[in-house]
Amino acid sequence: MSSPGVISDEQVEILINDVLEQHGYDFTGYSRASLKRRLSRLYSLDKHVSFAEFRYRTLNDEVYFKHFVEGVTVNVTEMFRDPSFYRLLREKILPSLNTYPFIRIWLAGCSTGEEAYSVAIILKELNLLHKSLIYATDINPTVLEKAGNGMFPLSQMKNYSENYIASGGTKDFSSYYAASYSLAKFDTELKAKMIFSTHNLVSDRSFNEFQLILCRNVLIYFDRPLQFRVLQLFDQSLENLGYLALGTKETIDFSPVSKSYKRVETDKVWRKIG
Amino acid sequence: MKKQKALIIGGSAGSLDVLLKVLPDIKPDFDFSIIIVIHRKQGADSLLTDLLSHRTKLKVKEADEKEKILAGNVYVAPSDYHLLIEKDFTFSLDYSEKINYSRPSIDVTFQSAADAYGQNLACLLLSGSNADGVNGLIAAKKNGGTTLVQNPETAQVTYMPEQAILRANVSAILTIDEMADYINSLSLNN
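For the protein sequence lines, the chains are A and B, in the order given. Quick note, the first sequence lines up with residues 1 to 274 if you use the numbering used here. Quick note, the second sequence lines up with residues 1 to 190 if you use the numbering used here.
In case anyone wonders, no lab produced these hints; they're calculated from the structure. Some hints could be false.
Covered by chain A, per the in silico footprint, the following chain B stretches (three or more residues, Cβ under 8 Å) [said to hold, decoys possible]:
id, region
1, 85-97
2, 155-168
Simulated DEER-style distance windows between Cβ atoms [unchecked claim]:
id, chain 1, residue 1, chain 2, residue 2, range
3, A, Ser44, B, Asp50, 52 to 60 Å
4, B, Gly72, A, Val63, 28 to 36 Å
5, B, Arg55, A, Ser203, 34 to 42 Å
Taking lysine to any residue and the SDA-like style, the derived pairs with C-alpha atoms no more than 20 Å apart in a straight line are [unchecked claim]:
id, chain 1, residue 1, chain 2, residue 2
6, B, Lys98, A, Gly71
7, A, Lys249, A, Gly29
8, B, Lys142, A, Val6
9, A, Lys268, B, Ser46
10, A, Lys66, A, Leu42
11, B, Lys98, A, Ser155
12, A, Lys249, B, Phe89
13, B, Lys98, A, Lys268
14, B, Lys87, A, Ile14
15, B, Lys87, A, Asp223
16, B, Lys87, A, Val6
17, B, Lys61, B, Asp25
18, B, Lys142, A, Leu128
19, B, Lys41, A, Glu78
20, B, Lys66, A, Glu265
21, A, Lys249, B, Asp64
22, B, Lys68, A, Ile14
23, A, Lys249, B, Lys142
24, A, Lys158, B, Asp80
25, A, Lys146, A, Phe65
26, B, Lys87, A, Ile16
27, B, Lys66, A, Arg229
Given the structure is predicted, the values throughout are model-derived calculations rather than measurements. Every residue gets a Cβ at the ideal spot worked out from N, C-alpha and C, and that includes glycine.
Isolated chain B (complex conformation) (with noise of 0.2 Å):
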């Protein structure tokens, strides 16, 4: 079985939540990295960060430009900056264009990643109101990857998982209930 060294969950709309009663249940000694890119207000900086952090056992903390990716942390791309992995897993910030009106654009980062990661790479796209992120699962699982999609009807926002659905051939469909097993299962220690 290939080895996951990367989990990256993106999310828009409705994510934060999901978020909220998935994180808490992943057991802190994971042996891989989680990424977390989602949509929200310019300017709140670290908020999301803070919210995680408190509410987890988990080390949170927002990814660094240059920052080496180690496994075991969860990283959060900061606000109004992408989020790119680079080949010798560190990550790096770009303030370019608009990605699907995002920035963080959740297809840069899982496409980034695909590039870095292979097949050693988990996707997973959750409830949102627009289509980014789907390009980058496809990106995802043609070079190997595993891609996952949040179950549309635990969506409260339905369009960014049932756009994954059609066009992006995922390797799983997960509710809510189900997320917390399936990350923990990643982990060779499990």
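In isolation and in its complexed conformation, chain A is listed as follows (with noise of 0.2 Å):
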């Protein structure tokens, strides 16, 4: 059950200082509703007995540090979800990079893998896995442990296989995975063209230039000042006529970048116009 309201909007700004000075975290630009309830969902699971308690372990035990990352980020994804965004991807953006030589594409909050093995199995059917290569960043140490080995849960393959199916995907989605006792285990000539790495949007800087970056789902928790800074991250990271692909209920339109940038067709896709 949810508890709410455990934490005080006061201990909320406390845990976001305290993380920022002794970890170099830094939540200020995150929207509080959502934060303040992570954090009071956080507090509940862990059982933790006051909050002097759930501040100690937050400031000194890295360990538990990282799971406090892991429990504030959202981490919830899905294999081809939206499958009308991935059907553009398949039938209008990926095949319009085939003329580099070399495609790169950034998954900006990439969180446990799905979307990213969900790429490379379009890139695949397009022929153009080869010389792709997905960098697939979180700011969360754990979920790329998890992202790295590849498995998802086999009671999911139905749904994703539904998405799949939907977003324009003609093969068996079962030949991309071996069943190992609950999980799916995918192909490994997928994951030969992904590079996992941490990379935390809010202090880190552009690190390559890009034809395609994909962050979707991530700007909603962020407040208006750190989207933007964010979008001019990814302006910074994109090759022009590069495309940024962001979530279903996101948009660029506010932001001052959002003037060199082009609408591909009704779906929250953009194509930098320089």
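With the hints as a guide, dock the two chains, each given alone in a separate frame, to form the complex.
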């Protein structure tokens, strides 16, 4: 059961401040309602006896702090989520990158990797995987370990297979994984074209130039000033004529970079036009 | 008398019919915001917004993230996201775990609204088959808000309003026929 309200507004600010000073993670630009909910949830789940104890462990226990970061950030994801978006990738965006000798894709906020594997499957089917590299980054080292394993719950495969078909996939989805107990282990050929690395969108810089950046359902957790800063980071990391893909409820419309971008059809994909 | 700044209506199975009966009788010049959180199948994206917009004279729109919440508008929570209210009266969206098997969860919106609006909030829970929203009503009441529930005798599915009455100490129980008048009476200019 959710127990909101166990962490007060003041306590949220105390924790944000502690975590910034002690660990260098900056949550000051996160939307507060959601952050407060995450902190309250973590407090309840971990059965802390007092705020003082929660604060002490967050400050001083490195192992607990890793768990804290995983709990505070949202890591819910699925393969081929929003099939119409993946159809656009398959039919329009990725084919248009075929002219490049080498395709670099940045998946920012990749969480446990489901999107990275989805993109890799489409690249493979378009015969582009051999010349592509997916840089999959997240703030959270724990989820990156999971992403690197390429193993997802077998119970999800029916849903993912339906998404895959709805996105225009025509192969037998089960040909991409081998069942191992309750897990589906994905083809290592897909993983060979992925690089997993920690990257904090709040504090880390641009590290390469890409033809496609995907960052879906990450900006919704940020306030407007931070959203604009991150969009600027993406702009610096995107080649001219490259594409930026956001979540279905996210937009670049109000940001300073929006004037150098053109929307691709009605989806949440924008092309950089210099 | 305390002034309502927002009315949040939550519901699940059997609640759409109630909305379609009640909303057409709401006077379009109401001076607060109406926010609707209805469980529905993922994917049928703006269908609910279009339907409500078509069947009423009200300004109905899907809630956008960071959007300023204005009086006189009806906002609909998008499918498959939690909808939260920030202290500066803007919306946030959240794609975290389902709550009570639901996303959007009524509890999530009620609870964050209770934080933001305090006593200037009214929450109405309609027909439905699970208890999502009941904890939210409790939070709203605790912060001084007004809590309303559909009379289970008029509900297609009684579990949700029954749980609310059992656990939430609600301010009033309304039949479908009483709802429009009640909502209209929340406006100062009425």
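Results for each hint:
{"no.": "1", "hint": "85-97", "in the structure": "holds (count 9)"}
{"no.": "2", "hint": "155-168", "in the structure": "violated (count 0)"}
{"no.": "3", "hint": "A:Ser44 to B:Asp50: 52 to 60 Å", "in the structure": "violated (38 Å)"}
{"no.": "4", "hint": "B:Gly72 to A:Val63: 28 to 36 Å", "in the structure": "violated (51 Å)"}
{"no.": "5", "hint": "B:Arg55 to A:Ser203: 34 to 42 Å", "in the structure": "violated (48 Å)"}
{"no.": "6", "hint": "B:Lys98 to A:Gly71", "in the structure": "holds (15 Å)"}
{"no.": "7", "hint": "A:Lys249 to A:Gly29", "in the structure": "holds (19 Å)"}
{"no.": "8", "hint": "B:Lys142 to A:Val6", "in the structure": "holds (13 Å)"}
{"no.": "9", "hint": "A:Lys268 to B:Ser46", "in the structure": "holds (15 Å)"}
{"no.": "10", "hint": "A:Lys66 to A:Leu42", "in the structure": "holds (13 Å)"}
{"no.": "11", "hint": "B:Lys98 to A:Ser155", "in the structure": "holds (17 Å)"}
{"no.": "12", "hint": "A:Lys249 to B:Phe89", "in the structure": "holds (18 Å)"}
{"no.": "13", "hint": "B:Lys98 to A:Lys268", "in the structure": "violated (24 Å)"}
{"no.": "14", "hint": "B:Lys87 to A:Ile14", "in the structure": "holds (18 Å)"}
{"no.": "15", "hint": "B:Lys87 to A:Asp223", "in the structure": "holds (12 Å)"}
{"no.": "16", "hint": "B:Lys87 to A:Val6", "in the structure": "holds (17 Å)"}
{"no.": "17", "hint": "B:Lys61 to B:Asp25", "in the structure": "holds (18 Å)"}
{"no.": "18", "hint": "B:Lys142 to A:Leu128", "in the structure": "violated (57 Å)"}
{"no.": "19", "hint": "B:Lys41 to A:Glu78", "in the structure": "holds (17 Å)"}
{"no.": "20", "hint": "B:Lys66 to A:Glu265", "in the structure": "violated (23 Å)"}
{"no.": "21", "hint": "A:Lys249 to B:Asp64", "in the structure": "holds (7 Å)"}
{"no.": "22", "hint": "B:Lys68 to A:Ile14", "in the structure": "violated (27 Å)"}
{"no.": "23", "hint": "A:Lys249 to B:Lys142", "in the structure": "violated (32 Å)"}
{"no.": "24", "hint": "A:Lys158 to B:Asp80", "in the structure": "holds (19 Å)"}
{"no.": "25", "hint": "A:Lys146 to A:Phe65", "in the structure": "holds (18 Å)"}
{"no.": "26", "hint": "B:Lys87 to A:Ile16", "in the structure": "holds (17 Å)"}
{"no.": "27", "hint": "B:Lys66 to A:Arg229", "in the structure": "holds (16 Å)"}
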